[in-house]
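Novice: The residues making up each chain are set out below.
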Amino acid sequence: MTTAPTAAAESEIDAARAQEEELIKTDILGFLKQNEEKELLRLCAVGSVDDGKSTLIGRLLHDSKGVYDDQLADATRTTDTGERAIDFARLTDGLRAEREQGITIDVAYRYFSTPARKFIIADTPGHVQYTRNMATGASTANVAIILIDARLGVLTQSRRHGYIADLLGIPHLLVAVNKMDLVDYSEARFAEIVAEFRAFTGQLGFTSVTFVPVSALLGINIVDPGAHRMAWYGGPTVLQFLEQVPIRRDVNLRDFRMPVQTVIRPNLDYRGFAGQVASGFISKGDAITVLPSGRTSRVKAIDTFEGELQRAYPPQAVVLRLEDEIDISRGDVIVKSDNQPRVSRHHTAHVVWMSDTPLDPGRSWLMKHGAGYGRVTIDAIEHRVDLETLQPVAGVSELKLNDIARVRFTSHKPLPTDPYRQNRAMGALIFIDPVNNNTVGAGMIAESDRDEGKAEQDGGTEVSAAERERRLGHAPGVLWLWGGADAARTALAFAAERRLFDGNTLAVVLDDGDPRYGGGLGVGLAQAAQRFVDAGLVVVVGAQVAPPAGLGAIDLPLSGLPVDDLDKATAAVVGAAVQAGMVRR
Amino acid sequence: MADPTLLDAPTISHLRALEAESIHIFREVAAEFNNPVMLYSVGKDSSVLARLAIKAFHPGKPPFPFLHVDTTWKFQEMYAFRAKFAEEHGVNLQIHINQDGIQRGVNPFDSGSQVHTNVMKTQGLLQALNKYGYDAAFGGARREEEKSRAKERIYSFRDRFHQWDPKSQRPELWNLYNGKIWKGESIRAFPLSNWTELDIWQYIYLENIDVVPLYFAKERPVINMNGTLIMVDDDRIRKALPDAKIEQRVVRFRTLGCYPLSGAIESEASNVPEIIQEMMLTRMSERQNRLIDKDEEGSMEQKKREGYF
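Chains as they are written, first to last, in my numbering: chain A, 3 to 587; chain B, 24 to 332.
In short, the hints are calculated from the structure, not lab data.
One thing to keep in mind: the hints can contain errors.
With the C-beta cut set under 10 Å, the calculated list includes, among others, these residues of chain B facing chain A [claimed, not checked]:
1) R39
2) A43
3) P82
4) E167
5) K174
6) E208
Cβ atoms here follow ideal geometry from the backbone N, Cα and C, with glycine treated the same way.
Take these sequences, add in the hints, and give me the full structure.
Specialist: Shown next, in the form of structure tokens:
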């Protein structure tokens with residue numbers, strides 16, 4: 003489906019701009035009122051060396067007055083013929099390294115606004131070795147702009163850029179057929195390119211694909227139309243398109259999902275779950291389910307700094323209060339009870355690999371999805387996508403930097419997901435190298451198996467957390483004792499371990515000062531604790547510092563415990579464990 | 024009820040979209056780091072940053088302290104504003120001064136802007152980060168401000184020496200910020216990354232946020248230093264430049280830093296709408312009157328590599 007905005011009269015944008023300038027001069031409060039209501043559009047501009055992308059962006063910024071005078075002076079050069087001319091490309095190149103190389107090497111963000119909208123441009127290079135940068139810029143975009151050189155026509159890289167824009171789920175594609183001045187503004191040449199590229203994009207999932215014939219260098223059809231040169235073209239200029247393309251309907255309003263970022267608890271009477279509405283909407287009174295635990299409640303209130311809301315939409319950041327006191331922590335996802343995503347450990351995803359360390363089956367990675375980290379193991383590479391032919395290549399043993407592939411993986415804990423095509427927020431994840439913590443890949447869920455529970459009943463190969471909990475009869479977790487005197491802390495940790503063990507809880511002490519470990523586990527304490535939790539155990543940690551936020555530990559500073567009375571202190575620790583389900587009922 | 028898929032999402036204005044993004048960033052950082060801190064510079068961006076931090080954890084308080092790295096050369100009105108701000112909002116405001124720099128007599132006149140900024144600001148900041156062991160620091164930098172900032176990540180990774188390496192930044196996709204670090208490493212987090220100067224002022228107007236009065240035009244004593252108007256804020260400048268002619272001019276400041284390094288502009292804009300009006304009509308780059316950037320081509324990039332925000 004194509005929803006190209008209609009062409010506007012030549013003077014329309016000028017008139018709107020002049021009107022806005024007049025408003026600024028004569029009625030600044032009126033301007034502020036108008037400016038306050040502008041919508042935000044994020045676009046991703048992709049191109050290769052020499053196809054004029056930087057020039058096009060420079061033009062957009064310049065012609066929409068998004069450039070300051072001194073920046074303009076910086077970018078003005080004396081040409082070979084002695085004329086002073088603006089080097090539009092220079093308006094956008096940022097870092098010293100790339101200035102030296104004369105190419106854009108990373109994603110850069112630019113900002114401009116018009117009377118209609120505010121724009122954020124992710125300026126990404128399109129060389130084949132920089133697929134990762136394009137994926138980065140594309141991940142949040144509403145619109146992708148691809149440049150095609152009118153002389154060269156549709157190239158392999160044009161298709162590649164279109165493919166990646168679609169893979170990252172950008173709804174609208176704008177194809178700027180550039181350098182029309184060098185093909186005599188030929189309508190036939192333009193039509194040829196449109197037909198060829200449309201045949202390709204027809205196989206992809208874009209909501210709209212729009213072609214605009216332009217000359218970025220001469221500023222034709224970028225902001226202002228060049229009607230006298232291309233009278234045959236009746237469509238919008240690049241800027242007109244960006245101002246008019248409808249983007250509100252691209253928001254998923256069907257599937258309410260809110261990853262919980264943090265629990266807000268200023269006092270004993272208030273417990274709220276903070277997060278950003280990722281998709282769908284939520285109303286006061288709605289029945290909700292917390293995933294992956296499956297606990298249910300109702301929305302008691304939707305709080306913001308400004309007061310309560312009756313209903314919240316994406317991308318609002320809110321705090322939900324619930325009717326019932328249920329256990330929810332960071333990384334959990336709140337959904338509506340009548341619309342739940344799959345919760346599974348087995349997933350198939352498209353992956354853009356971004357690291358020199360290869361992705362190969364069997365290896366484990368950290369990952370972030372929603373507001374939570376976890377671990378995944380790669381099961382198989384179904385196929386790699388040949389970026390020349392865009393055809394699948396089977397029988398691939400590993401993925402290298404800038405490869406794109408379809409991959410099967412297992413998350414070590416059940417993960418609530420939606421297919422990325424339906425819901426960017428719940429279908430996206432990043433892979434993190436556990437050795438150097440670098441972001442090494444981007445994943446877009448194609449599907450997740452409806453396998454949870456089934457695998458457990460069938461005794462699937464991997465023992466699940468739920469199976470461990472059933473066997474041991476208690477929930478795993480970390481009791482993090484910290485601060486105070488070392489000796490008192492260690493004594494308390496072992497006393498708590500003993501009492502928990504006697505109550506049939508499989509508990510173990512991990513203590514900073516435990517002589518068995520040569521006087522300190524150091525930085526590995528949290529990681530070690532996590533491993534024991536994964537194994538279903540209750541860990542009693544003795545540490546000098548507070549627990550790291552990601553661990554989900556029960557925070558027990560010694561300053562808050564009756565340490566003078568070991569019995570009482572132990573009872574308090576065990577009490578906390580009982581509350582968290584770490585002791586058999 | 025009608026099928027919600029048939030409803031258009033209500034329009035969320037760009038300011039509300041930016042606000043929601045910033046709040047999301049605040050909550051992520053606060054939840055996944057052990058010991059975050061918010062850098063507070065007393066300027067307008069800090070005022071906005073503080074409002075967003077307060078919103079993000081309402082009805083609780085921001086679960087981290089604010090830190091001002093004081094060069095001892097800020098405007099008197101900034102110090103007064105800082106005291107009032109801390110009191111009104113009940114935030115835990117820490118102030119750090121590089122005592123070593125003070126003892127060695129570093130100042131903007133004798134040492135020059137580069138050395139002064141490096142010692143009192145960059146080194147001062149690093150001292151404070153090391154002293155308190157902060158593993159994440161919020162800053163008010165915006166990508167629009169300067170070309171090298173255009174490629175800054177929202178979570179900007181710094182090594183054990185607080186250095187930024189623009190060529191090996193972590194890819195940053197969606198709003199899935201990677202907060203994994205080893206001990207000693209840190210993240211600078213920039214919730215205002217996608218805000219422009221206009222957005223900042225519009226938000227200040229919309230939300231009625233207090234800013235230092237130096238942003239508003241008033242008759243002030245200034246010295247014309249090679250075309251840059253430097254305000255006579257205390258006696259130190261008179262001692263350093265005994266022969267300089269002091270004039271009374273109606274001026275204001277577009278950015279605030281150390282007073283001998285912050286150029287004033289002649290202006291009549293005395294409230295927020297007038298500032299926006301002037302800004303929209305004049306079009307001069309935001310940092311052009313902050314002298315530190317002019318020292319050398321690419322100087323901001325160099326400072327950032329060394330650990331400056």
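Novice: Each hint needs a verdict: does it hold in this structure or not?
Specialist: Status of each hint after checking the structure:
no.	hint	result
1	R39	holds, 8 Å
2	A43	holds, 4 Å
3	P82	holds, 5 Å
4	E167	holds, 5 Å
5	K174	holds, 5 Å
6	E208	holds, 8 Å
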